[in-house]
Amino acid sequence: MIATRESYGKALAELGEKYKDVVVLDADLATATKTIDFKKKFPERFFDIGIAEQDLMGTAAGLALGGKIPFASTFAIFASGRAYDQVRNTIAYSKLNVKIAATHAGITVGEDGASHQALEDISLMRSVPNMVVVSPADDKSTKWIIEEAINYNGPMYIRLARPATEEIYDENTKFELGKGIQHGDGEDATVIATGVTVAEALKAKEELAKDGINIRVVDIHTIKPIDKDLIVKCAKETKKVITVEDHSIIGGLGTAVCEVLSEEYPTKVIRMGIKDEFGQSGKWNELMEHYGITSKNIQEIVRN
Amino acid sequence: MELKEISKEVRKNILLQIYSAQSGHPGGALSCADILTTIYFKTMNDGDKFVLSKGHASAALYAVLAEKGIIAKEELTSFRKLNSKLQGHPSLLKLNGVDVSSGSLGQGLSVANGMALAFKLDKKENNVYVILGDGEIQEGQVWEAMMTAAHYNLNNVIAFLDYNKLQIDGSNDEVMKVAPVKEKFESFGWYVQEIDGHNFDEINTAIENAKKQERPSMIVANTIKGKGVSFMENQCGWHGKAPNAEQYEQAMKELI
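Going down the list, the sequences are from chains Z and D.
Following the numbering used here, the numbering of the first sequence begins with 239 at its first residue and continues without gaps.
Following the numbering used here, the numbering of the second sequence begins with -9 at its first residue and continues without gaps.
Pulled out of the complex, with its shape left as it was, chain D reads as follows (with noise of 0.2 Å):
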């Protein structure tokens, strides 16, 4: 299958977890879901990490681990009901399949640094994939991963910024201006590149030229909060709402 059909199965998953649970976060989950795909189904080798930092797009990790097998089908209606392996907020030890918790902001870029490391010395080839949000970067802690990353020179770190430009309370230029995103990583001595986040080329090219790189990468991904669900596109208000009944459909009907 075309990693554009797949995205739109995960895109379907993530609905039906969000309207199943009538709880989780719909919109950075849709806007990640195509690098999410990308990764999962095109890049990522075996005994390579990805790390997704901002725990709350846990739907779209989930959706992408149903398509590809690792959980089935039928779970994804659990999604945070009681005694689920589908958390809130992504769990290893709940859920095989999973390799980092995350769900406080701001932590998984260290974790993504302390794997990295850990393959260094071991000698392996392996690379750990982290998407972070980008109102997550106004945590301190990203910023200290950051310098940590460059200083031991951790080139199989390879990092999404998900940057949809919308957090709970508004645009981020409302909440706390995180721009000029470029600039900034730049500064702590990352390759960045920029890229549209929901085209499929523009993802792959970017992975590849990061992974030939000497240093840690930054792929700024331009993306649409609530992408491929017309009404939730743009809108800060379904950050954390679920559909109706009604909604749920209409949305099901644009994916198809």
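In isolation and in its complexed conformation, chain Z is listed as follows (with noise of 0.2 Å):
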């Protein structure tokens, strides 16, 4: 079990040996955000801005734009709405290379309630041209993904949760940008997931096949671009379309999967997610049963 923040910080202090380019950007919350890993072995490629988001990516476009590549990290609720703005006039209208890692996002962040849970940024930077965002489920994809980050040329929203998950993936996994990843190929359901919800599904998927209900998981680790050929393909072989996510059901993975769908093979979708409202105080597996976003709730909607 780790968390993907921890993965972050650990895979960001591996290639920064690699990669002298790398510089590493923190509001106040390095300890939080991991990247107090990279801070220690590479001090002078390290940048505290204090608490000031918009300046964080404000700064981070500036080293972008000296050549250096920058991961300019903090919470999601602050990387995506606080600095929302400069995130969208500065980095992306100009294109900038800047990674904007974005810790403890969606209701999975806990103790420390709405004010601190992200549930909108997958749909606001979604909706920014020129940002990719992305969205790992495990350690290997995390890991694989900071370097695919590294290596990309452009703005990046990469959304990391904050509890320690189950391992998915191994050394043998081919990962690669835009392109889900398929699990089975059951077709009794599909239920298309990412982050913190793709190891709920395939403990779903696990469950229901002891009672002989095939159902086969889909993790959409790249939302924008989305994996419109895997979708569609899925929803032609399976009788069900589920997606379930740690992040309000507008806007996110699930409209983004709509999206496809309606236009390329309408399809009705089941959108499990935070429906339209705030989240709140609360351990964060409690939350996510409380939200009905648990591989509990999953195996419920399939039977249905």
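Each hint can be trusted.
Lysine-lysine pairs mimicking DSSO-like chemistry, simulated, CA-CA at most 30 Å apart:
1. D:Lys113 / Z:Lys258
2. Z:Lys278 / D:Lys114
3. D:Lys32 / D:Lys84
4. D:Lys110 / Z:Lys277
5. Z:Lys258 / D:Lys201
Everything labelled a hint here was simulated from the structure, so no lab data went into it.
Predicted model, so just to flag it, every value in this text is computed and none were measured.
Dock the two chains into a complex; use the hints.
Below you can see the structure in the form of structure tokens.
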């Protein structure tokens, strides 16, 4: 069990050796976003900007203009909300090579409550032109996406989670930006997930199989650009399409899937996620249960 | 050509653009024209960067770039028109010669800091020049960036405050008091000078002083909004308004 923010921190510190142009900026959250490992190893390439997320994004933009590959880290709520205008107008409009590594996304932030739970960040970032939006589900996929981000030239929003979750992939997994990963080929339902909900969907797949219900799970680690072909293929091959995300059902993964299917292969889609409301305090797994995005909830929806 | 002569051409270019577009911001473009002319024709070395943080003065930047030969003079009349490189606010993807896109106020200084940090990492001696508007410093991000520049000793950041004291809805004092600016900047750890922003010697001397400092520099340039066109001077009504044919002719006459 490891949190994707931990994997991010480890990947940065490791890749910092190989990629000398990588610089990291944080807004007084290095111990939480895990950029602390990079800071310790490469203090001259780490910049704390203080509790000033707007300035964080602007400074990162300037470093990108100076030929560096900046990772700007803070909580998702501040990266996408507080600094939205800076991300849109200063970074994305000029297609600057800034990687926005947004940790503590979704209700799984837990006890900090609604003010710190970004439930709209996918929606906001997805609608900004030039922005690539990714949301890895585990350790291996996070480490892969960080190196991919370094090699990709342009702005990227990397959505990371606070809690430790199951490891899903191994060294042999082949990842590709913009390509979803299909688990299994059950025809009873397709469950499309991203980030922390992928492990939940996979658990549901296992449980349902015991009762002879065969589903497939699609990990959409790249929310933009989204893997249209795979989504359409799965809609054609299965009886039900369900999306599940630790995000509002408005504008996130579920909406992105609906956009694809409504144009390419009209299909009923059941969107599981936070239903147009703010979150609250609680333990992260209790919150997932409360808002209905656990393996159990997925199983119920499939069975219905 | 003397800076004074170039700046006359720059002012004519500004008016031509805004008149052609029947849209734009003459007041604040004319107020920073002399600073921009000095930066581009006297100060900047290869590799130095410029940030027009008050992006609505885009006509002044394009006017200078046209005098520099970076854009063709014929292009000036495409200002603010469909498919033009000369966007309402500067866009680096649309126009070569724009170092940083701007338009949403308060963001340029942060970007300048980032470029300055990159110069330091690469052990380059280059400077980043910035022009901020006085209304613009009402944006909180400016003060975040002021702290950052001082914290990282970014003595390669040399900023100007185009202090014409007017903004859209009235004077700074009426809308939101920014004074005393010098003391504010000083208290943020910057090296501050106050000059006449239409006196080329003062602008140049202030830049040369700034280059010798161990900390970031703010040059408070007292300017006149609409400078050079009698009926536009000190009128906040000319912040974002284009002249009609008669007014344009009159303005161009004054600039001969």
